[in-house]
Amino acid sequence: MSKNLSWVAIALALLAGSSAQAQEAPQTAVSPTAAGSTSVSLDIAFILDVAGAWYSRTPMEVGGHDPAKTGFNFQALEMSVQSNVDPYFRFVGNLALGLDGLEIEEAYGQTLSLPWGLQIRAGQILTRMGRMNTMHPHAWSFVDQSLMIGKFLGEDGSRGLGLELSWLIPLPWYVELVASATDAAGEATARSFLGGGEWNIHGMRDFLYTVGLKQFFPFGREWSLAWGLSGQVGPNATGHRNLTSIYATDLYLRYKPTGSPGRATLSLTVEGMYRVRQVPGDSLRDWGGYASLVWQFLQRWELGGRYEFVSGLAYDPLDPQWTTGRHRGALEASFYPSHFSRLRLQGTCDVPRWQTNPIWGAVLNLELAVGTHGAHVF
Amino acid sequence: MWMQLIKTGNTATRVALAIGFAAGVLASPGPAAGKVRVVATLPTLGSLVREIGGDRVGVEVLAAPGEDPHFVDPRPNLILSLNRADALVINGLELEAGWLPPLLQSARNGGIQVGSPGYLDASSVISRLDVPGGPVDRAQGDIHPGGNPHFLFEPESMSRIATAMAGLLSRVDPSGATIYAARGRELETRLNAAGREAAARVAALPPANRQVVAYHKSLTYLYRWLGLTEVTTIEPRPGIPPDPGHVAKVLSTMKTTGAKVILQEVFYPRSTSETLARLTGARLVVLPSGSEFDKGESVSDHVKEIADLVIRALSE
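Going line by line, the protein sequences match chains A and B.
Under this note's numbering, think of the first position of the first sequence as 3, with each following residue one higher.
Under this note's numbering, think of the first position of the second sequence as 422, with each following residue one higher.
Hints in this document: simulated from the structure, not taken from any laboratory.
Bear in mind that the values here come from a model prediction, so they are computed numbers and not experimental data.
Glycine residues also receive a C-beta, built at the ideal position from the N, C-alpha and C atoms.
Hints should not be assumed to be uniformly reliable.
Stated by the list, open to error - Rough simulated footprint, nothing fancy, chain B against chain A, three-plus residues with beta-carbon under 8 Å: (1) 86–93; (2) 107–118; (3) 165–179; (4) 244–251.
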């Protein structure tokens with residue numbers, strides 16, 4: 003715990019230093035040409051997510067930062083630190099500070115200028131498995147993680163220590179090929195693979211491999227389509243060199259009319275995964291997915307709907323209760339007082355078929371961002 | 422992987438791949454072969470590069486026409502443009518902070534990263550306004566700590582940038598340095614002349630006619646150029662949409678001062694401005710967010726367009 007407090011103290015000290023630099027801004031109303039900066043740029047931001055929630059019965063949330071109980075929920079205090087290290091590397095760190103301790107979501111170095119369209123990330127990384135897995139919780143439209151991610155990848159998504167190589171393929175349109183090798187262990191980050199517990203590396207077969215093909219098609223200035231194919235393979239905890247494979251596809255269609263006052267956008271996201279696990283004497287196969295539609299119709303207002311389904315198995319060592327399919331629907335309304343704060347009201351209806359009654363829920367979430375936070379990817 | 426998918430995939434997989442390939446080819450603009458490739462973040466910067474570079478340079482602009490430069494969609498095809506660029510021109514002063522950094526980090530192009538010879542931050546050569554004189558706090562709204570970034574409304578700023586662009590192009594294409602320098606000087610002269618001519622037209626108007634109301638705090642450089650006075654803004658603080666209480670104050674200020682012109686850029690909501698114009702008899706002028714780069718508009722014509730729009734409203 004004292005270690006965690008030290009981290010918090012360091013983070014607050016860094017933020018205080020950053021704030022002090024801002025207060026030393028030039029005092030002139032009209033600056034001379036090309037006024038220079040007095041400090042090296044270091045982007046530090048904190049993003050707080052807290053929520054009040056009500057559920058008709060004991061909720062079955064699957065994400066590590068989901069509002070998982072009736073009452074007040076501390077979802078996360080995310081801290082983001084980013085800066086170029088030198089002309090060759092960029093440092094990216096994302097920490098999640100919770101009431102129970104510190105979690106290093108990501109901490110990696112990224113190359114900036116490798117030739118032939120190559121790029122390497124090394125360190126603790128979120129794997130490029132699908133679309134939602136690459137996004138931090140504050141970038142989600144909904145207040146909770148999708149069932150598919152929680153069940154197949156883990157409550158904190160798929161991430162681990164490792165190395166990623168990506169290649170921007172020289173074609174007329176955007177095509178990126180990504181391959182990474184990461185630790186296959188982690189109860190919250192690799193649950194379909196080695197999961198929790200101690201594991202030793204004996205060879206190349208003991209890593210978790212992720213491969214992805216990301217494509218983007220701009221149809222004019224207003225329509226955008228991103229389509230990804232990705233897959234993971236690695237050892238699972240049942241021994242006997244048994245493997246787990248997960249295949250995924252994701253599609254993101256966005257309409258943003260240019261020249262439209264109020265920044266209106268309409269976004270459709272569809273993502274699905276198919277998992278195959280070798281277990282002694284059998285092969286377990288299940289699947290899941292979600293579709294969401296989010297409409298920002300005014301500068302400050304957004305509405306969204308999401309439907310999810312994840313199948314179940316009669317025998318599943320990871321989720322013994324999840325014996326059949328589970329449906330969940332959600333509606334959300336967001337209000338943005340400014341670009342740096344958000345209020346979200348989300349209603350959910352969770353229908354685990356192995357239970358007799360659905361679980362109804364309502365969540366009011368508050369999100370606040372301070373500091374300089376790196377922009378989000380598309 | 423592609424070959425394996427083609428060989429082992431079923432008919433549906435092959436059809437999907439074929440559709441993807443065809444869509445990609447159709448949706449993507451072709452590269453400008455044999456030319457110096459320059460990417461500009463905003464249309465006006467793109468027009469400046471095109472006029473100085475001429476047929477030696479191929480220019481791509483990241484922001485769409487009419488798009489709010491604070492909130493450009495960071496679409497991955499923009500990464501492709503940045504990956505292939507020899508030079509990058511940005512506005513700077515954090516105007517692109519909400520969308521450009523991840524594109525630049527993913528571009529895998531060391532030649533256009535911050536500090537490299539192919540990188541130009543236009544704000545580094547202009548005379549800045551609205552530099553905060555004290556602590557910067559988000560309670561003040563979306564303040565830019567380095568100063569107001571909307572300097573592309575001012576011919577003098579454009580002319581300074583033109584000179585810097587000639588230097589940029591000379592660094593990435595030394596064989597054309599003489600041409601770029603000459604075109605830069607010529608453009609600088611044209612812009613300064615257009616600026617002086619418009620300023621003189623405004624100076625001939627009575628002082629009461631030179632008062633304006635702006636939607637966003639983005640026209641400071643326009644005021645410096647044309648000698649205008651801003652009596653208030655419709656946004657209570659930069660980036661914060663107006664509430665009824667503030668709109669009532671704006672209405673009162675307009676009646677007290679007699680300001681009869683409301684200026685706003687094309688990407689801001691118009692309903693409040695239209696209501697205020699109706700209640701006070703003021704004229705609403707919707708300014709373009711930048712030059713019509715896609716239609717080949719020159720920056721001199723863009724300057725003239727802005728001046729004509731504003732002066733016509735001030736003169737009525």
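Verification of the hints:
no.: 1; hint: 86–93; in the structure: holds (count 4)
no.: 2; hint: 107–118; in the structure: holds (count 5)
no.: 3; hint: 165–179; in the structure: holds (count 8)
no.: 4; hint: 244–251; in the structure: violated (count 0)
The structure is inconsistent with hint 4 alone, although it conforms to all the rest.
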